[in-house]
Amino acid sequence: MLENAMLENVRVLGSAAWVFVALALIGGALAVTLPNILHAIFSLALSLVGVALLFLALGSPFVAAMQVLIYVGGISVAMVFAVMFAFALREGPAGAARRRRGLAGAAALGVFAALGPLIARASWSPHFARNDWTVAALGRALLQHYNVVFEALSVVLLLAIVGAIIVARREPPQ
Amino acid sequence: MTLQTLLLVALALFCIGLYGVLSRRHLVGVLVGLELMLNAASLNLLAFSRAGMGDAVTGQVIVLFIIGLAAAEVALALSIIVALYRRRRSVDIDRLHELRG
Amino acid sequence: MSVLVRLLRGIWSLMLGLGVTLKNLFRRPVTQTYPHQKPELSAAFRSAIALVNFPASGSHDCVACMQCVNICPSFCIKVEGDKPEGLKRKRATVFEVDYALCSLCGLCIDVCPTNTLKYSKTYDDVGYRRDQFVYDLLTPFRAGEAAWRERARVAAVEAAQPASAGPAAAAGEPEVGR
Amino acid sequence: MTLHVLWPNTALMTVLAGAVLMAYVAFNGMLLVWLERKVSARFQRRLGPTEVGWAGLLQSAADVIKLLAKQLITPRHVDRPLYHLAPVLVFVPVLAGISLFPFDRHLQLHDFNIGLVLLFALAGLGFLGIFMAGWGSNNKYALLGAMRAVAQNIAYEIPLILATLPVVLLARTMSLREVVEAQHQLWFIVQQPVAFAIYFIAAVAETNRAPFDIPEAESELVAGFHTEYSGMRFAFFFLAEYTNMTIVCMIAATLFLGGYIGPSWLPVPGWVWFFGKVYLLLLVMMWLRWTFPRLRFDQLMSFAWGVLIPLAIVNLLLTAVAIKVWR
Amino acid sequence: MAEIWGEPAPQPLAGNGDDTYYLNMGPQHPSMHGVLRLLLHLRGEEILEAEPVIGYAHRAHEKMAENRNYLMFLPNSSRVDYLSGMIYNLAYCQAMERLLGIEVPERAEHIRVIVSELNRISSHLLWFGTFLLDLGGVTPFLYAFDDREEILTILERVTGSRLTYSYGRFGGVTQDVDALFVEQTLAFVARLRGRMPDYHALVSDNVIFRHRCEGVGLIDQATALRYGVTGPCLRACGVPYDLRRAEPYGIYSRFDFEVPTQPAGDIFARYLVRLAEMEQSCRIIEQAVAALPAGPIMPEKQKKRFKPEVGESYFAVESARGHFGIYIVSDGSELPLRLKLRTPSFANLSAVAAVLKGTMIADTVAILGSVDVVLPEVDR
Numbered sequence: 006m007l008e009n010a011m012l013e014n015v016r017v018l019g020s021a022a023w024v025f026v027a028l029a030l031i032g033g034a035l036a037v038t039l040p041n042i043l044h045a046i047f048s049l050a051l052s053l054v055g056v057a058l059l060f061l062a063l064g065s066p067f068v069a070a071m072q073v074l075i076y077v078g079g080i081s082v083a084m085v086f087a088v089m090f091a092f093a094l095r096e097g098p099a100g101a102a103r104r105r106r107g108l109a110g111a112a113a114l115g116v117f118a119a120l121g122p123l124i125a126r127a128s129w130s131p132h133f134a135r136n137d138w139t140v141a142a143l144g145r146a147l148l149q150h151y152n153v154v155f156e157a158l159s160v161v162l163l164l165a166i167v168g169a170i171i172v173a174r175r176e177p178p179q
Numbered sequence: 097m098t099l100q101t102l103l104l105v106a107l108a109l110f111c112i113g114l115y116g117v118l119s120r121r122h123l124v125g126v127l128v129g130l131e132l133m134l135n136a137a138s139l140n141l142l143a144f145s146r147a148g149m150g151d152a153v154t155g156q157v158i159v160l161f162i163i164g165l166a167a168a169e170v171a172l173a174l175s176i177i178v179a180l181y182r183r184r185r186s187v188d189i190d191r192l193h194e195l196r197g
Numbered sequence: 023m024s025v026l027v028r029l030l031r032g033i034w035s036l037m038l039g040l041g042v043t044l045k046n047l048f049r050r051p052v053t054q055t056y057p058h059q060k061p062e063l064s065a066a067f068r069s070a071i072a073l074v075n076f077p078a079s080g081s082h083d084c085v086a087c088m089q090c091v092n093i094c095p096s097f098c099i100k101v102e103g104d105k106p107e108g109l110k111r112k113r114a115t116v117f118e119v120d121y122a123l124c125s126l127c128g129l130c131i132d133v134c135p136t137n138t139l140k141y142s143k144t145y146d147d148v149g150y151r152r153d154q155f156v157y158d159l160l161t162p163f164r165a166g167e168a169a170w171r172e173r174a175r176v177a178a179v180e181a182a183q184p185a186s187a188g189p190a191a192a193a194g195e196p197e198v199g200r
Numbered sequence: 003m004t005l006h007v008l009w010p011n012t013a014l015m016t017v018l019a020g021a022v023l024m025a026y027v028a029f030n031g032m033l034l035v036w037l038e039r040k041v042s043a044r045f046q047r048r049l050g051p052t053e054v055g056w057a058g059l060l061q062s063a064a065d066v067i068k069l070l071a072k073q074l075i076t077p078r079h080v081d082r083p084l085y086h087l088a089p090v091l092v093f094v095p096v097l098a099g100i101s102l103f104p105f106d107r108h109l110q111l112h113d114f115n116i117g118l119v120l121l122f123a124l125a126g127l128g129f130l131g132i133f134m135a136g137w138g139s140n141n142k143y144a145l146l147g148a149m150r151a152v153a154q155n156i157a158y159e160i161p162l163i164l165a166t167l168p169v170v171l172l173a174r175t176m177s178l179r180e181v182v183e184a185q186h187q188l189w190f191i192v193q194q195p196v197a198f199a200i201y202f203i204a205a206v207a208e209t210n211r212a213p214f215d216i217p218e219a220e221s222e223l224v225a226g227f228h229t230e231y232s233g234m235r236f237a238f239f240f241l242a243e244y245t246n247m248t249i250v251c252m253i254a255a256t257l258f259l260g261g262y263i264g265p266s267w268l269p270v271p272g273w274v275w276f277f278g279k280v281y282l283l284l285l286v287m288m289w290l291r292w293t294f295p296r297l298r299f300d301q302l303m304s305f306a307w308g309v310l311i312p313l314a315i316v317n318l319l320l321t322a323v324a325i326k327v328w329r
Numbered sequence: 513m514a515e516i517w518g519e520p521a522p523q524p525l526a527g528n529g530d531d532t533y534y535l536n537m538g539p540q541h542p543s544m545h546g547v548l549r550l551l552l553h554l555r556g557e558e559i560l561e562a563e564p565v566i567g568y569a570h571r572a573h574e575k576m577a578e579n580r581n582y583l584m585f586l587p588n589s590s591r592v593d594y595l596s597g598m599i600y601n602l603a604y605c606q607a608m609e610r611l612l613g614i615e616v617p618e619r620a621e622h623i624r625v626i627v628s629e630l631n632r633i634s635s636h637l638l639w640f641g642t643f644l645l646d647l648g649g650v651t652p653f654l655y656a657f658d659d660r661e662e663i664l665t666i667l668e669r670v671t672g673s674r675l676t677y678s679y680g681r682f683g684g685v686t687q688d689v690d691a692l693f694v695e696q697t698l699a700f701v702a703r704l705r706g707r708m709p710d711y712h713a714l715v716s717d718n719v720i721f722r723h724r725c726e727g728v729g730l731i732d733q734a735t736a737l738r739y740g741v742t743g744p745c746l747r748a749c750g751v752p753y754d755l756r757r758a759e760p761y762g763i764y765s766r767f768d769f770e771v772p773t774q775p776a777g778d779i780f781a782r783y784l785v786r787l788a789e790m791e792q793s794c795r796i797i798e799q800a801v802a803a804l805p806a807g808p809i810m811p812e813k814q815k816k817r818f819k820p821e822v823g824e825s826y827f828a829v830e831s832a833r834g835h836f837g838i839y840i841v842s843d844g845s846e847l848p849l850r851l852k853l854r855t856p857s858f859a860n861l862s863a864v865a866a867v868l869k870g871t872m873i874a875d876t877v878a879i880l881g882s883v884d885v886v887l888p889e890v891d892r
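Chain order of the listed sequences is A, B, C, D and E. If you use our numbering, the first sequence corresponds to residues 6 to 179, in order. If you use our numbering, the second sequence corresponds to residues 97 to 197, in order. If you use our numbering, the third sequence corresponds to residues 23 to 200, in order. If you use our numbering, the fourth sequence corresponds to residues 3 to 329, in order. If you use our numbering, the fifth sequence corresponds to residues 513 to 892, in order.
Hint data in this document are derived by calculation from the structure and do not stem from the laboratory. There may be inaccurate statements among the hints.
[As the list claims (entries may be wrong)] Listed below are the simulated EDC-like cross-link pairs for lysine to aspartate or glutamate, each with C-alpha atoms no more than 16 Å apart in a straight line: (1) C:Lys110 <-> C:Glu180; (2) E:Lys869 <-> E:Glu557; (3) E:Lys819 <-> E:Asp843; (4) E:Lys815 <-> E:Glu846; (5) D:Lys40 <-> D:Glu53; (6) E:Lys869 <-> E:Glu578; (7) E:Lys852 <-> E:Glu578; (8) C:Lys100 <-> C:Asp120; (9) E:Lys816 <-> C:Asp120; (10) C:Lys143 <-> E:Glu668; (11) C:Lys45 <-> E:Asp710; (12) E:Lys815 <-> C:Asp158; (13) E:Lys813 <-> C:Asp132; (14) C:Lys105 <-> C:Glu172.
[What the hints assert, rightly or not] Which chain C residues face chain D? A few, computed with CB under 10 Å, are given here: (15) Leu29; (16) Leu36; (17) Gly39; (18) Leu40; (19) Val42; (20) Thr43; (21) Asn46; (22) Phe48; (23) Arg49; (24) Pro51; (25) Val52; (26) Val74; (27) Gln89.
Think of the CB as a built atom: it goes at the ideal place given N, C-alpha and C, for glycine as much as any other residue.
With the hints as constraints, model all of the structure from the sequences given.
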């Protein structure tokens, strides 16, 4: 498009969103670095809340609510639940993981270095402010256009529940 | 904040998650990293949806699917981790690797 | 169907319980608002022991026989006595009770030969230190002690003379019985 | 080009509304504590608070002063960040939740078109705070209490949501104000008595009130997840709990009892109706609490999964079929 | 915890390497009935093992007896079990009367029966309240205490004390009763009977209560007999053993009453037995009041010092909790050579430890409450 350069500078979010970005990134950074795994999960929850707020700011309150309801209220709680009852909480000796950390950091930085400039340089053709969705539209899309996916997902969830129960069940004492 | 900045933020989140997945020895720690990566993807999708790439609903629908799938994934992963822990008394990736076979 | 019947029966039982509490909601509270409403003490109410003030003699009649000291399971009574001049019986000069130790069994009252021990009726003693509960039972009698001794001496002297009245005047008949 | 933000219009408005809500939450907490004491006392043929203020009305204020003045004790063995964060994290979602309601026709901060979903999402946030408290306290009673609380809340959130769905079907909206507006002819409790019953029972369980007060069963777990908290931190939990009660009763009043709608011939403002209904429901919750013994944990769970959820699903299906037939 | 079990635990909550952990319930805990300490080995909420640790309320009553003369032990007797202090107090008096060969006047015997049964009812009422409190029901607790208050007021008028009555003396009782006492007692019996429908509606029929109680905490007959369980707990296993009937003491053989039993052996059976026992106590009270003769309350000749012959005596009564026995060995001096108390709670608590395995924490509290242990009585 012709006006690419101009359009790229159009703001999708207000500057208040930087707070949410900070929340998401700091929470994420803590989640991958804190040695105590429970602290890590709680930081993940913080990051998820940040992402949910970003969703909200992006004009998708329903998705944001679902993110909080399922991700924060469900998934992270399930993680905490599992960790509390079953696991040795702290990781092994820190020194043993140093090399791994170095490699992981290099890999992550590498990905960022590879993709970041691409994103920065790529030209997008955004045409904004389409706010024409409602919960009803979302529901119609889910149940009509994406019906097969929706049903498949529900089957997957059911299977996951059954599978989880079977796998995690304590073997009866013999 | 422009679309580009938002995409960079999502990339940063993705890389943080990647770092977590690669550096953690604790299985749940790996799972935490994975969730971060999934969220980065969701953020991307919504940003595009917002920016009018595709129709307004599709991006949101896919994010909803991601959330649902993540729930299933975490449930299964956690149950597998619990079962592994019961059998091997460890959630350390390296030790699990050594114990294979 | 039986599940439904059980469910309904369960709900009905809960309703009955709610009925009971609702009924009591509208009944008069039974609370005594203590500092505003003082309790009525029964005649038998037991509090720390005290010495009876016999009207006839105007004083107590502790003869320091030590029976209460010896019977006390808590070892909380301390009695000392001397023999006033001219009298046959001893007379208490110290009578202390450590109320913090007392178990209010009443054995001392049972054994008292002169029935000069009784329960007091104070129920609201407070203190910050334990030694505040060491009661000196002779306190109310201190003022009249010298006069009593003088009267008793005179009575004893009179009793020694054959013409005078009986010796009962000094001791006095106990009128606080149990 | 800024996208519209879903908060009240200006920053000043936001701050003001927040302050008013804070004040209401604090006042409401104090009022409910006083009410609970008074009501429980009368159920038990006692007097309750009588000394501070008329009929002991200032007793709660005196307690707040006491709690404020108390030393904040941090036990040595706690997980500090979690221990300190938990009370706030429990309290914030509750505060946010109470800001969503239409107290009167024109008395609402912002009418979200998915207000109901937001409410449940916020309720989900509270679990994490409870978990943090339970784990951070590093105390087995607290941990057990947190476990129980979260398991119970998740189990009862399902019937809670399922019981509100028939109302959504009937009102064809998830906006709280529109749900209320849909009840001008008939309160939804008339059409949905079973849903209301399920909702109310699940709501009592959600707020950890007797007979579902298993997470803080004092005869079993001492005080559950807030065993190690004292002073103002404890007060936060306490306040969150009472505000939570208020919120579930507000939802019930909004969804089933016509919210701010009352008989139109009476010259009574809508908010009076709203709060009247809310406090009536709160009184019923107190009545339940002071009548029944506590369930056992597994019984509680099987009651949710075995009775409430099937009942709620059947009710939802029947409602859906009925709507399809009659509309 | 960790050091007791010989396991290092840097993270107290990390558990024992598997998903089990230990919980130290008590000695300071809201529902440990005093100072019982239960060491629970748990998986989740399920109890793998439970070990009661007792001794926190040990006051050496038996040793104290050996260092005091017979009379001086009187106040101790009602403090062994402060909830049925009257029964224990009178039991000690009766044991001494057997040892000393003292005859008790008729009127005193009747008064003893009346106050004992009143005390039994008050103990059962307190149990009723605290048991419901253990189950989370606060209101029945206060209703029961309201009723119990009446008994305490009645007994206070006669004995001067509300809980630890040193009312008995060797040969009789300290105070005589009057017409008002009789009136109040009968009024209380009527009041209690009037309250029973409320209790049943509020508690016995309540579906939540039933679910908490029925089939929980099963003590079968064999276990009960093996551990020497007595009192309501034994009668709830279908054994109609009541000392008032099995080996009547005092004048209990004259009264017409039933020994309520239940076959099930669970918490609910114990609950029903106690409630039925309150009614039976009411019947005994009515008969004793009707037959209350005039006369002295102490023997004509009262001794001040008691020196039993060389010998021994065992006397057992049915307390509110079961078989309470006093065994006294006399060497002919003013001090007992040995005084041994057989307390029912001790045996009952032992049986509880055996049945706790496999239950949940909430059940533990309910079972412990249903057995009605008084810890100072266990420790003595």
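A quick look at each hint next to the structure:
no., hint, result
1, C:Lys110 <-> C:Glu180, "holds, 14 Å"
2, E:Lys869 <-> E:Glu557, "holds, 12 Å"
3, E:Lys819 <-> E:Asp843, "holds, 9 Å"
4, E:Lys815 <-> E:Glu846, "holds, 13 Å"
5, D:Lys40 <-> D:Glu53, "holds, 12 Å"
6, E:Lys869 <-> E:Glu578, "violated, 39 Å"
7, E:Lys852 <-> E:Glu578, "holds, 10 Å"
8, C:Lys100 <-> C:Asp120, "holds, 8 Å"
9, E:Lys816 <-> C:Asp120, "violated, 24 Å"
10, C:Lys143 <-> E:Glu668, "holds, 13 Å"
11, C:Lys45 <-> E:Asp710, "holds, 10 Å"
12, E:Lys815 <-> C:Asp158, "violated, 30 Å"
13, E:Lys813 <-> C:Asp132, "holds, 14 Å"
14, C:Lys105 <-> C:Glu172, "holds, 13 Å"
15, Leu29, "holds, 7 Å"
16, Leu36, "holds, 7 Å"
17, Gly39, "holds, 5 Å"
18, Leu40, "holds, 5 Å"
19, Val42, "holds, 8 Å"
20, Thr43, "holds, 4 Å"
21, Asn46, "holds, 6 Å"
22, Phe48, "holds, 8 Å"
23, Arg49, "holds, 6 Å"
24, Pro51, "holds, 5 Å"
25, Val52, "holds, 5 Å"
26, Val74, "violated, 39 Å"
27, Gln89, "violated, 46 Å"
Hint violations for this structure: numbers 6, 9, 12, 26 and 27, all remaining hints satisfied.
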